[in-house]
Amino acid sequence: MEELIQEMKVKIIETLSLLDTKPDDIDAEAPLVGPETGLDSIDVLELVMMIEKDYGVKIDNKELGMKVFASVKALAEYIHEKKTVH
Amino acid sequence: MNRRVFIAGVGIISALGRGRRAHAEALARAAGGVKPLSLFPASHPQPLPVGEIRALEQAGTVPRTHQLALIAAREALDHADGPPDAIVLGVAGGGMSTTEVLLKEKIGDPSRYRDHAAGSVAAHIARAVGCRGPVLTVSTACSSGSVALAMAMEMIRSGRADSVLAGGADALCRLTYYGFHALQLVDPVGARPLDRNRRGMTVGEGAAMLLLTAADTPGGDALCELLGAGLSCDAYHPAAPQPQGLGALSAMRQALDDAGVKPSEIDYIHLHGTGTIDNDLAEARAVNALFGREMPLLSSTKGATGHTLGAAGAMGAVIAAIGVHEGLVPASRGYQNPDPELNLAPVMAPLQTEVRRVLVNAFGFGGNNASLVIGHPVQCRRINPVRETRPFSVRGMAVLTGAGDGPATMARLFAGDSVKGVLNYEALATHLPQRTVRRLKRLPRMVLTLAAAAVAAGGPPHAIFLGTGWGPLSEAYDFLTKLYESGEQFSSPTDFIGSVHNAPAGQAAMPVQATGPNITLSGGDYSFEQALLTASLFQHVSARPILLVGADEHHPAFAPLIEPAAVRDGPPADGGAAFLLKPGETEGMRISSLFFAHARQHPQVIPDAIAHLGGAERIMDRYAAIFFGIPAAYEASGRLQLREFLDAVRFGGAVVDYRRWTGEFASASAVATFLAAQCIQHDEIPQQMCGREGYSPDGRGILLLNLGEFVTALETVP
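If you read the sequences in order, they're chains A and B. Going by my numbering, the first sequence opens with residue 1, and the numbers climb by one from there. Going by my numbering, the second sequence opens with residue 1, and the numbers climb by one from there.
Bound-form chain B, shown alone:
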């Protein structure tokens, strides 16, 4: 069967207005939405220009990002028959616009921080629209929205979903307003992308959502077809693009290949075009290298909307869809003077012309690049055979727990003690060069330590997938603390760059030159499962190994505010695990993602999970043990789910509550997966953990269930 991916609905809100129609009109008359900041008082004598959405009423305590995302989501679903099978959302800031105000006012009530997490935005939409399937949050800074669309496309191509709501959202906040200013990346007169006199970007806000649907031929509702995507990582620098645009070039090339399209078939490029000196130069070099004399029309719309960060790529996709549907190429607002070094001639006034295929670029911190190809649903044809997902074989693995590294962790467990705790900071990154880690705080140090150990055992990876529920807490907290201590005068550029969720995975890519997809997922306690699922979606990209990491850091001041349930009982804990995995191998120990559903909306979630696992009999035969985890915040619902599962399966093997042994933190399931793999290798599950003496898996696997708000299942089998 041919599974093509159509764009059946779009929703958009930005400084240009609210809705697809308003944007089509604004783009057709080259309107601009950039004005001096009014959302919050700035410490600068003259507030910097921003792409602010002025007519937005505060809806109770719902953070601004959540509000924007839901507005776009509802528009995209306007004509849909029912809720989407899955949601994939790209965000950089999440609930930061609310959190930063609470921290500024020194509010200590954790209930006020409940919408802090990056993953809380997608969860908000899922609740509002009634989605039962996977709800994934990708946080790769300014490419987030495009990466979300690439993931959603692969979910449809692989048959995991027939409809996916995907896009990006980010609200203006102090963190980004002051952060980009500290990096001297803001043009004081507003962004002039591609102009010779450009001085930087304009920070903006907005949301763009697209409803993607599967079909073999376009239905009447198809606005466009999502033809292909390409992802890459520069593996060069945490914030600056590779100067020749090599990463950007690779992403564009892969997107065209994936779409089955030649450069000459692209009519228009919606550039990332932020207006910074370095981005526009690197992007121009990449575009020149790929298109040469067959240069399509091109423009950047960031002079009109500002740079909407996590929403930018999805906003580009919606603008591309408008362009194809209405035959419109938007102007490059702010561009006046050609820059000979760029060798590009952007569109200066809106152009009414046939647009069949558009290339959409989005690049972000961490050298994270994503390109999409969007085309006319009838004129473009794409053949997509259904892609089969195969297990990953484990080539190397590593862990960090309160007990230390892998051998220390297993020794402690076989001695009957838990490995809960917060590993001594000095013990992290001891094997890494001081120069490499001097700018890195706790989470990136953990990730680099894990990556180095897993890679030493299994060889360098092509792609990296990181799940982190809490993200880099130290960098975000330190950035805001320093900012407020100085009366919003000074902030740390290093902490700003480090505060993006994908900074650790971007760092991990550099020493091993992992230039393939580099995706960071942040969905609370299910982030590691999201990372494994996402890794499965991109198996076709390369036969080379990938690195899968799940890690979270404890922060003594911040963690009790954003994750009170995790630190309420027992000692604080953090840690993580990394796996060097080879796709599609049948030899040796394997790890697979088996099930991922939103339990809150889904009364039949446990029977559904059992059916996906092949039924009770197969579960009994295949697994020696079930390792289950119930995040503290979902204790009651998780217990009910566990009982229902065990009763239905009549499971006779060992049942292990892994959070009793790992402690409470968002990526505890990554550590549990390491423990399961070690138990299979040792052919024994520690007695205290499983309540049985000398219990051997004996050639069977271990099933890992993560329960609560979501129900997920993954397996490790020998």
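Chain A extracted, bound-state conformation:
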């Protein structure tokens, strides 16, 4: 899981062009979206595309998205769970 969390951080930085952020700057348990991180709903949708493309995991509604994108850890756990099921 720790490995997937690290991998997520790198992918998030890449996908969202967070050029001024390093993986270690991201707190895996802190809220991923909001004024603290400066990320919003468009960024979430951009990550939805990346996750479907790179991991084959669909996140296709807002309610699910709110839960999954609560933090990097929640995201990694969701991907892990869905990938294991398939």
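Read the hints as simulated data drawn from the structure, not as lab findings. It is possible that part of the hints are untrue.
Claimed, not checked - Stretch by stretch, here's where chain B covers chain A in the computed footprint (C-beta under 8 Å, at least three residues):
(1) 17–25
(2) 28–41
(3) 44–58
Note that beta-carbon positions come from the ideal geometry of N, C-alpha and C, so glycine has one too.
Fit chain B to the known structure of chain A by using the hints.
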């Protein structure tokens, strides 16, 4: 004199049918036109529902948007005496429905892309109907059609035109079909506007055109009167509405004020009502705030037609005209379950009742809001004194060229070299926070850089007017490339939002909270002139300064396809300029729009231009120099126009071919206007540019002529 604006003819085509009569009938029986997509194969196992026009035969290589626009235009002009004095068209996609297929098939022949540009739709109509006057294209995403009508109304009120054909058009295409899907904004069962269980919109297509005419009393042909308009910008988010609907509320309020109408006098609201969770909530809050207990009848017709994007506002205006004329309030198709959070009770079945005044809403990406008030021509009276246009005084300005910023540009020119080139991407937006620009590509970075520099010199603006001939090429190209690379499985929501022409101006509004009109014009090489003309039309809205920008980006793969003439000779170039302008001041340097006509239809265009400029003698006295530009695609006709002008005026001042110095790109004239203003400030025109040593304007102005397909004139005077 009282100049009222009447709707003398309408034309409409949508998934509900073709023509005003067909729409009146379809709306009266609450018909629906939403069905699964059939126009092109979709990658989804089940094609999403769309508002598609099924009975439309492909007319040669003419793009679908152009076809739809012309069908509506011909209907609107059916009983007209002659061509309109001007055309104002709102489009979001332009020729994208054709371009995206060419890119998909990797077609490299530029001649196939000639109808790509947003402005090519209006040009197509102008040629077909023989319009000689200004032909303007507004691209403010889903409010385009309403903004076009607001502009057309001001052209008539200000006496610039007696008749204007205005409206909007957009065809279904992959860009919008997949783009809205990527944003998770599409309801899989079809849009259910205002319903508690709504899940999103339905993408549609169509065109709606209205012939507006000036008169002091309604003639027999007047269907309705266009009573007023209100424009605003949320300055909040590139795609989501301000949650309380503050921008929408401001647009509605201004429209009522402009119409001289109280909320209680509105009988029906044609809502924007897309069916997305956020739009309907924000709009409902705004409507509740404005109308409170005096709630008029209201409905959204997007459950029946789908959301026709650039056409939507104009389609709302035509539906309003039908409603007033036939005493019909259409049903809110798709609505079943009240949403307590919205606190609205939409009309569920078509209602035959007297409709005197209608409020029409249209909102778009970039937080771009437009409301119109349409009324019965006899029962409503509007007094419109003719509005006088005054010059803008220049409070700040900025430029970006191949040489860099303003000082770098002027230094290069005074050293005798051109400023042609494509500025290094890394040099753009260096002063802006990384978090602000991380999602922005080349054009929005240019516009934000220009805006920040002009605003730093002149203070925050109320309104923003952007002219861009090519629009955000990088975002559109990247969106389609990513889509096709993935077999139409994946696309970038960020690129989709950034691909609308008004995205850069919407971005520019946010840091300075420019909540007034935010209008992006896209008419090829004449886009900057269109933006200045449009800014002049809305001078009355506020005494606060406005920001005027003209900018275009070079794109190594896309630009050679859509603008082959511009990159054929010499190095590729791009750039732009911004001006912070105060309306109505007589002190200091001023900029004015003086003339705008369609040359192709107008054999007397040069004598007409000279007459508008006050005749040969005045031109000689007033201007130290003429800066002229001839877009590469119109070299032959432009040269003839220039010779005719210079011969007729016997101009003795300096004559500068500015594209030799700026390079070839759609908004080169914006950069030329900056150069002219700088020459006046420096009191010297660089020697190599004008062929004279130490040539001083000496208190006179500089006339800027843009020639070719159109002939335009603007001036900068000290």
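Quick rundown of the hints versus the structure:
| no. | hint | verdict |
| --- | --- | --- |
| 1 | 17–25 | holds (count 4) |
| 2 | 28–41 | holds (count 3) |
| 3 | 44–58 | holds (count 6) |
Hint check: no violations occur; every hint is consistent with the structure.
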